[in-house]
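Asks: The hints should help you fit chain B onto chain A, whose structure is shown.
Number of protein chains: 2
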Amino acid sequence: MKKYLFTNPDAKLIEGGICAPLGFTASGIYAGIKQSVNSDSAAEGNESPVKQKKNDLALVHCSGICKAAGVYTTNLVKGACIDVTKRHIADGYAQAIIVNSGNANTCNADGKEKSEMMCNLAADALRIKPEDVIVASTGVIGQVLPIKPIEKALPALAESLSRDGGTQAARAIMTTDTYEKEMAVEFELGGKKVRIGGMCKGSGMIHVNMATMLCFITTDIAISREHLRKALRQAVGDSFNMVSVDGDTSTNDMLMIMASGHAGNKVITDSNANYDKFVLMLKEFCVALCREIARDGEGATKLLVCNVRNAKFAQTAKNLAKSVICSSLFKAAMFGADANWGRVLCAMGYSGEQFDPEKVSIDFQSEAGKIRVCENGAGVLFSENEAKKILSDDEVYIEIDVASGTESATAFGCDLTYDYVKINGDYRT
Amino acid sequence: MKKYLFTNPDAKLIEGGICAPLGFTASGIYAGIKQSVNSDSAAEGNESPVKQKKNDLALVHCSGICKAAGVYTTNLVKGACIDVTKRHIADGYAQAIIVNSGNANTCNADGKEKSEMMCNLAADALRIKPEDVIVASTGVIGQVLPIKPIEKALPALAESLSRDGGTQAARAIMTTDTYEKEMAVEFELGGKKVRIGGMCKGSGMIHVNMATMLCFITTDIAISREHLRKALRQAVGDSFNMVSVDGDTSTNDMLMIMASGHAGNKVITDSNANYDKFVLMLKEFCVALCREIARDGEGATKLLVCNVRNAKFAQTAKNLAKSVICSSLFKAAMFGADANWGRVLCAMGYSGEQFDPEKVSIDFQSEAGKIRVCENGAGVLFSENEAKKILSDDEVYIEIDVASGTESATAFGCDLTYDYVKINGDYRT
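Protein chains in written order, with our numbering: chain A, 1 to 429; chain B, 1001 to 1429.
This is chain A alone, in the form it adopts within the complex (with noise of 0.2 Å):
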């Protein structure tokens, strides 16, 4: 796996995860909800298979209260989670976080009332109030939450809080994801040093139109709450609203910041240089996970990037991305290692978007070298064995010229494999 670098010099990456940035803390913990969600199987005679105990409950806790903002999924089928959230949030601040992975907690007639007493329960070891709680939840949809393992763990969960527990946490969040997904990036605003932290969950049911599955992000940023929910707007329209795994919105999607202000810099109440300096590296930050997303998508075996370049409106060009990035026949091309550029131009055919395709080109690239397959909308002699070792690198940048303005976009996305087929063909059971 490769290694991602912020284009911004002044970016430094650190460890730390969602911990990093002043006054969090975070852990995770093995409660026991994942290995509830077979019972059912196995009441019936089933054969339940034996799961390894991997952590299912994670905590975020900040010292201090915190601004907080947050996007969320645009399906109409919600998580109860979803809502407990926005209602908690409506005031624009929040203490802690607490999220379960293994049951989505969603399409269950008790749904809200579940949500509500995780928030309790996190309210009540942690010594704030219910309504300073995010709570989220990933997983089976239309399986009823057990609360009793959360509430069993909630004390020892609330003990083990620490700095270091970024990754406990991050892990706890994972559904099917291959490998916890963090980050921590520090830089100057003002002659201050301050960071951002945070971490992830992608794999399955990731698609464009805000599908982060759940993600979320501390800094220690001084910065009001209307200034705090204007720059994740912002850094969410290209980023993890240009990812996409299999085109399926999720239910429970949600992106919550929270800024807890330890930083100590001036306070960002304005749309100055040093509100554009954050937006720009929390911009940056949501591409890097978006790109960890991206490439442990279910069953991906590659990281596909989709650069388009010169269109004349810069929604043209997202939605030209997008629209490549998606489509199953072209995923499972660079499943196959295929150059079937015809795919690509085909999906920017049906994205309902106008371009000249007599302009287009096309290149692929990889760390391999880079190849031109297409010109003016046709196609030129290349070398396939050069094209397969192109292709066969772990992270393809597709390059599009569409040569008709100036506008350019990025959309991330990743292969379509028999795993991806062989993970959802039973997921449930």
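By construction, these hints were calculated from the structure, which means they are not laboratory data.
Ideal Cβ placement from N, Cα and C applies to all residues, glycine included.
Careful: at least some of the hints might be erroneous.
[Stated by the list, open to error] Now the in silico label distances, taken between C-beta atoms and shown as ranges: (1) R87(A) with A1090(B): 53 to 61 Å; (2) D270(A) with R1233(B): 54 to 62 Å; (3) K152(A) with G1237(B): 49 to 57 Å.
[As the list claims (entries may be wrong)] Derived lysine-lysine pairs resembling DSS-like cross-links, with alpha carbons at most 27 Å apart: (4) K1359(B) with K112(A); (5) K54(A) with K148(A); (6) K1422(B) with K389(A); (7) K86(A) with K1359(B); (8) K193(A) with K266(A); (9) K230(A) with K86(A); (10) K1230(B) with K1266(B); (11) K1266(B) with K1192(B); (12) K359(A) with K1112(B); (13) K1370(B) with K422(A); (14) K1359(B) with K422(A); (15) K422(A) with K1389(B); (16) K370(A) with K1422(B).
Replies: Here is chain B on its own, set in the frame of chain A:
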């Protein structure tokens, strides 16, 4: 495979496919286009797989001039054949169809020229005008179409035209289809026996927004050009616009109908009872072909039929049904016979349509039985073993009741399998 039964008791399935209506003959042949696909790789020293000599050139002819109408792909990137065919039937008349598989003749600088050459060659062999020839191509995008094999094969192809040639023609338009798709039906219209016949190919790059790949329908009904066009549009709305294999809208989609008038019925020039009956039959004929396209979708092991009932608007019912049938996650679950109904509700939720999730009920049904899995938007206890049995059938019905009106719709799709990935990971080479 289950045989489709027309709901209209008047309709009688007959033999002959596209040649069943009076006046039509057809033929299919191996011209050598499919083989040529691999020449490039072979030249580079890759081992070229041994290819069977599968038909790749089809001809359909009518003894007299026909009324003709068509619907086409909505993809901005279009096969050259689309433009040429549109121009040729702009006057509402056609007398022959020439189709090649193995090469889409799309995204080639000389595409239109080649499509016109195909029409000229067919017209010469048949002693008709090139402007009365419909031309279609299907296969790999972006490889130059070799015209020599077509030129060489055309005399023999024209020579072998016969009323028994439907099956050979149906085979010649196949790409990754595993069997030829043809059908014919006979019924009475105003005291006369009339017939509709047809052939189509599907397999991959099939999506709901007019995505037939290729379909050719013949009839001996006497009808005005205007009413033929209108009937086709009506029939497509509930059939070819409701089928998806992989969400990719092809560049070369084309559904053409030709009416010879040889049945001798009173020419339909009004929207009268005879017209209504024709539309009804044509619609069901198209639905029957769509079921075959979905059933034989690339890598598919089963046909999925999603019925949405009791929606407020017809368009709502259509979009909900299509969203379910297009979900990669749901399709993978069906491959695994996993009753993951949460994915059904999830896909409905991101359809963009308004409905009340808490009113939704979902049943899975097949010849093995029927089982309720969701009621009022929440799970109900059901036997996983029974569900598995029902979903293991090769024809599965997803019955959704949204309890908010009286409108209904049906969409057709297939499961997502290892073989889909396999086929598309290495389609070109």
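Asks: Does each hint fit the structure? Answer for all of them.
Replies: Each hint, compared with the structure:
1. Against the hinted window of 53 to 61 Å, the Cβ-Cβ separation of R87(A) and A1090(B) comes to about 60 Å, which satisfies the hint.
2. Between D270(A) and R1233(B) the C-beta distance comes to about 57 Å, which sits within the given range of 54 to 62 Å.
3. Range check, K152(A) to G1237(B): Cβ separation about 56 Å, and the 49 to 57 Å hint holds.
4. With a CA separation close to 17 Å, the supplied pair K1359(B) and K112(A) stays within the 27 Å bound.
5. Taking the CA atoms of K54(A) and K148(A), the gap is near 17 Å; set against the 27 Å cutoff, the hint holds.
6. Restraint check for K1422(B) and K389(A): the C-alpha separation of about 19 Å stays at or below 27 Å, so the hint holds.
7. In summary, the hint linking K86(A) to K1359(B) is supported, as the alpha carbons are separated by about 23 Å, within the 27 Å threshold.
8. For the hint linking K193(A) to K266(A), the alpha-carbon distance of about 12 Å falls within 27 Å, and the restraint holds.
9. For the hint linking K230(A) to K86(A), the alpha-carbon distance of about 16 Å falls within 27 Å, and the restraint holds.
10. Between K1230(B) and K1266(B), the direct Cα distance comes to roughly 18 Å. Compliance with the 27 Å bound is thereby established for this hinted pair.
11. A threshold of 27 Å between alpha carbons decides the hint, and for K1266(B) with K1192(B) the separation of about 9 Å falls inside it, so the pair holds.
12. For the hint linking K359(A) to K1112(B), the alpha-carbon distance of about 17 Å falls within 27 Å, and the restraint holds.
13. In summary, the hint linking K1370(B) to K422(A) is supported, as the alpha carbons are separated by about 25 Å, within the 27 Å threshold.
14. For the hint pairing K1359(B) with K422(A), the CA-to-CA distance comes to about 32 Å; that exceeds 27 Å, so the pair is violated.
15. Between K422(A) and K1389(B), the direct Cα distance comes to roughly 19 Å. Compliance with the 27 Å bound is thereby established for this hinted pair.
16. Between K370(A) and K1422(B) the alpha-carbon distance is near 25 Å, which keeps this suggested pair within the 27 Å criterion.
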